[in-house]
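These are the residues of each chain, in order.
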Amino acid sequence: MTLHQAIFTAIFAVSALSFLFSCYQRLQLVSIGAPENRFDNPAGRLLGMFSYAFAQKRVLARAYGFNHFLLFWAFMLLLVANGEFLLEGLIPGFRLAAFLPAALGHGLELLFDIVSVVALGCVLVALARRLFFPPEYLGNDYTRPASGEALLILAMIAALMSAFFLLNAANIALGLDGSWRPVSSAIAALLKGLPSSALEGVAGVSWWLHALVLLLFMNFLPRSKHMHILTAIPNCYFKNLAQPNTQPRETFEKGERYGVSSVEQYSWKDLFDSLTCTECGRCQDLCPAHNTGKPLNPRKIVHDIKVNLLKNGPALKDGGTGILPLIGDAREGTVCEEAIWSCTTCGACTSVCPVLIEQMPKIVKLRRHLVQEKAQFPEELLNLFENMEQRSNPWGIAPSERTKWSGQLGDRTFKPGESEYLFFVGCAGAFDSRNKHVSVALATILDAAGVSWGMLGKEELCCGDSLRRLGNEFVFDKMARENVALFKEKKITKVVTQCPHCFNTLKNDYRQYGLEIEVLHHSQLIEQLVESNQLKLTKQSRQGNIIFHDSCYLGRHNDTYKAPRAVLKAATGQSPSEFERNQENGFCCGAGGGRMWMEEQSGTRINLERVKEAMKQPLPDTLCVSCPYCMTMMEDGLKDLGVADVVRVKDIAEVMAEAIA
Amino acid sequence: MLVISCIKQVPDTTQVKIDPVTNTLIRDGIPFIINPYDSHALEESLRLKDRYNVRTVALSMGPPNTVATLRKACALGVDEAILLSDRCFGGADTLATSKVLSAAIERLDKQEKVGIVFCGKQTIDGDTAQVGPGIASRLGFSQLTLVDRIESIDFLRKTIKVRRKLEGRHEIVEAPLPVMITVVRELNRPRYPIVPMRIESQDMEIKVWDNSVLKLDAETVGLKGSPTWVSKIFSPERDQGEIIGNGINDPIGTASLLIDKLLSKDLLTI
Chain H
13 MTLHQAIFTA
23 IFAVSALSFL
33 FSCYQRLQLV
43 SIGAPENRFD
53 NPAGRLLGMF
63 SYAFAQKRVL
73 ARAYGFNHFL
83 LFWAFMLLLV
93 ANGEFLLEGL
103 IPGFRLAAFL
113 PAALGHGLEL
123 LFDIVSVVAL
133 GCVLVALARR
143 LFFPPEYLGN
153 DYTRPASGEA
163 LLILAMIAAL
173 MSAFFLLNAA
183 NIALGLDGSW
193 RPVSSAIAAL
203 LKGLPSSALE
213 GVAGVSWWLH
223 ALVLLLFMNF
233 LPRSKHMHIL
243 TAIPNCYFKN
253 LAQPNTQPRE
263 TFEKGERYGV
273 SSVEQYSWKD
283 LFDSLTCTEC
293 GRCQDLCPAH
303 NTGKPLNPRK
313 IVHDIKVNLL
323 KNGPALKDGG
333 TGILPLIGDA
343 REGTVCEEAI
353 WSCTTCGACT
363 SVCPVLIEQM
373 PKIVKLRRHL
383 VQEKAQFPEE
393 LLNLFENMEQ
403 RSNPWGIAPS
413 ERTKWSGQLG
423 DRTFKPGESE
433 YLFFVGCAGA
443 FDSRNKHVSV
453 ALATILDAAG
463 VSWGMLGKEE
473 LCCGDSLRRL
483 GNEFVFDKMA
493 RENVALFKEK
503 KITKVVTQCP
513 HCFNTLKNDY
523 RQYGLEIEVL
533 HHSQLIEQLV
543 ESNQLKLTKQ
553 SRQGNIIFHD
563 SCYLGRHNDT
573 YKAPRAVLKA
583 ATGQSPSEFE
593 RNQENGFCCG
603 AGGGRMWMEE
613 QSGTRINLER
623 VKEAMKQPLP
633 DTLCVSCPYC
643 MTMMEDGLKD
653 LGVADVVRVK
663 DIAEVMAEAI
673 A
Chain Z
161 MLVISCIKQV
171 PDTTQVKIDP
181 VTNTLIRDGI
191 PFIINPYDSH
201 ALEESLRLKD
211 RYNVRTVALS
221 MGPPNTVATL
231 RKACALGVDE
241 AILLSDRCFG
251 GADTLATSKV
261 LSAAIERLDK
271 QEKVGIVFCG
281 KQTIDGDTAQ
291 VGPGIASRLG
301 FSQLTLVDRI
311 ESIDFLRKTI
321 KVRRKLEGRH
331 EIVEAPLPVM
341 ITVVRELNRP
351 RYPIVPMRIE
361 SQDMEIKVWD
371 NSVLKLDAET
381 VGLKGSPTWV
391 SKIFSPERDQ
401 GEIIGNGIND
411 PIGTASLLID
421 KLLSKDLLTI
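First to last, the sequence lines map onto chains H and Z. Quick note on numbering: the working numbering labels position 261 of the first sequence as 273, and the sequence is numbered without any gaps. Quick note on numbering: the working numbering labels position 250 of the second sequence as 410, and the sequence is numbered without any gaps.
Check the hints yourself; a few may be wrong.
Said to hold, decoys possible - Here are a few chain Z residues that sit away from chain H, every Cβ distance over 10 angstroms (derived from the structure):
(1) T174
(2) D253
(3) D287
(4) K321
(5) L422
Stated by the list, open to error - Looking from chain H toward chain Z, a few residues come up when the C-beta cut is under 7 angstroms (computed):
(6) P390
(7) W407
(8) V487
(9) D489
Source of the hints: derived by calculation from the structure; they are not laboratory data. Positions of the beta carbon are idealized from the N, C-alpha and C atoms, including for glycine.
Required output: the full structure, derived from the provided sequences and hints.
Next up, the structure:
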């Protein structure tokens with residue numbers, strides 16, 4: 013064994029052990045999390061892993077993502093080259109090419125050489141981006157785009173590539189390597205004049221530089237935000253296969269804990285998420301709360317969970333208690349309560365994260381603790397909670413008033429076995445004076461199309477959406493069980509709603525309670541009725557210029573983007589114009605997640621931000637919505653902006669009703 | 161020291177309608193709630209418990225289904241809940257009600273000295289505001305009504321200082337314990353029950369004291385002991401409204417019409 017080989021073997025052994033130990037430590041911390049089954053449906057999971065991790069589906073959704081895509085694949089290929097390099101250090105003279113047919117061996121050399129240039133180029137682009145033109149979302153109050161860690165990682169990769177080229181170039185100049193490495197050969201040409209002893213020196217220094225930086229890099233990974241290099245691929249495999257907003261049920265028995273107040277109460281996957289975040293900032297960029305100056309930043313929530321885990325995890329793992337509170341002030345590793353209550357649960361963070369981190373459900377878990385174990389929440393919610401529990405609607409209006417809006421329609425009670433659809437009116441549709449018009453419009457459309465439908469009337473209960481998003485799972489659970497029992501008793505199989513929150517709750521949340529029925533949002537049913545020609549349009553609905561605002565719970569949470577647009581096009585003869593932020597990138601109205609019932613004290617108003625976005629040329633005459641909350645928020649926003657008499661807000665059903673009148 | 165809150169289960173009056181034919185309350189399907197003023201009385205007893213570690217008891221007279229309301233009090237944190245229920249207590253007016261409640265408080269006082277009895281200032285169904293004062297007179301307790309703030313309690317001198325909310329002014333008064341206090345809404349913000357306590361309260365025993373326990377003369381309680389008789393309940397007639405002016409098409413004209421109307425009826429003075 014040569015001295016060189018002996019020294020390297022020793023360093024390698026220490027590095028490898030230290031790397032494995034770091035990984036083991038991190039995984040041990042993850043293992044203190046609560047159990048959660050993310051092992052079902054391996055085929056579906058592999059498919060997800062392929063498209064999100066290997067095909068980088070979401071990374072590529074933004075232009076700069078292409079640079080990452082190249083770097084990712086360069087890394088995958090260079091893993092083989094680096095494996096060869098390490099083995100050669102341990103077993104002098106080891107060549108991968110020796111085991112391969114000559115053509116393939118040469119091909120590999122060519123590939124590694126080119127891929128290394130690509131990687132070096134990508135790193136330089138990344139460095140330049142961070143240093144000279146960082147996008148706003150890369151930085152925030154706790155991290156800067158040009159942070160030491162990010163720059164160090166990029167510098168390490170650049171050093172690796174440079175050393176790789178110098179080593180190969182020196183070897184080529186010494187005649188030890190073939191000419192299948194075009195870039196290295198070009199550099200070799202520059203070194204030609206040097207004496208062979210100098211070339212051997214260059215090769216030796218480059219080799220050690222490459223070896224040491226590689227081992228250092230490997231050891232740095234698990235201790236930095238670049239842990240994602242190791243965890244992103246499994247994180248995509250363990251993704252949530254259900255709808256992102258559907259929180260798990262809780263069991264209500266003596267001795268149970270509710271929600272999360274200490275980091276080990278998160279599931280192992282929540283903790284794994286926190287180690288996977290690279291802090292790319294895309295969630296922060298889309299978050300309506302962050303964009304309007306609230307103290308919430310989904311990226312920081314995930315970061316705080318990680319910091320808290322690293323700080324408290326070792327003690328918690330040994331059965332002790334943590335010293336850093338998870339909920340409290342805004343210090344690093346602790347989430348402040350105002351941030352927790354600022355979330356609209358719009359799902360922008362979860363649907364943009366390139367590595368499928370679930371930020372929003374982590375916030376709801378914190379709410380569950382605050383509401384159910386501490387009764388600590390913004391005081392406006394006390395009324396809401398009591399109204400929901402006592403009168404099954406957010407305003408506390410007498411349930412007997414539920415049918416008032418439908419007085420002129422006659423008796424439209426749902427008759428089991430006769431009525432095809434249950435029209436689940438929803439609290440807003442039944443009580444809110446503006447949204448009652450939408451209920452009437454939908455009833456008119458259903459009648460015009462000859463659909464057989466009925467309502468539950470005074471028996472209808474609130475679906476409980478706001479309660480679940482606000483973390484009041486105990487009362488939600490009671491309401492869900494009552495609703496499911498009522499649906500089963502009435503033998504309901506098809507439901508249409510005019511509210512995306514009712515729609516989503518009935519369709520997705522109630523599945524956990526054994527209710528598997530067809531639930532349609534009115535945009536979907538109207539689209540079907542128009543397509544099948546069952547609904548005959550008699551004239552064009554005149555709305556002037558129209559712009560369509562996506563509801564988060566219809567769009568992002570249920571992937572329904574086409575139906576409302578198709579309805580508007582059928583009714584008015586023109587496709588609605590779009591907000592700059594639309595569909596998957598849509599911007600919440602500010603009322604989801606129970607925010608409808610809370611004051612908006614910090615920063616600017618979310619709905620105002622949204623209506624300002626609508627007031628671009630050509631100015632809209634009608635702002636179309638598909639949700640009662642959006643209706644209220646957009647109308648209020650337009651009033652605040654002083655343009656309520658210029659721009660009207662209409663639900664898609666109202667627009668359609670004018671095409672059949 | 162024992163702190164008692166007297167709470168009443170009442171129909172949710174926002175949902176109560178009066179039958180136009182019989183002029184009686186339609187109670188079918190109307191949910192019961194804790195009298196809103198009493199929830200502030202209950203809350204204040206719990207705050208004293210949190211602060212001074214006193215024992216708290218929630219007391220209610222009513223039919224057997226009142227257990228539901230007392231269970232809510234348990235979920236909020238009272239140490240003990242007692243239901244005073246007997247057929248012969250039924251149909252009571254304020255005089256008879258205060259008699260039964262007083263008897264129960266006296267009974268509790270024998271086990272542990274009662275320091276404070278909290279009542280809501282009135283109930284939303286009877287609206288008399290007489291039961292609290294009735295208890296104070298019967299038991300010879302100090303009587304502090306319409307309290308919106310507890311200034312201080314001196315356990316050594318056995319006195320309490322409170323602020324009373326009167327029309328257009330406040331009054332700060334001091335009184336010796338034991339005391340009966342009726343509370344207004346401004347006193348506090350009732351807490352929301354936490355889930356572990358809700359589940360705990362499911363198994364808490366709610367004692368029921370009937371007349372075999374209180375041993376009152378059946379002629380002096382319930383309907384028989386009530387000098388008040390309800391002769392008629394009716395909805396007051398309301399004049400038909402009218403729409404004046406031309407609405408949003410002429411807001412200024414409509415506003416002046418409205419002002420003239422209000423002036424002519426002496427509802428507005430310049």
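**Prompt:** Hint numbers the structure violates, sorted upward?
**Reply:** 1, 6, 7, 8, 9
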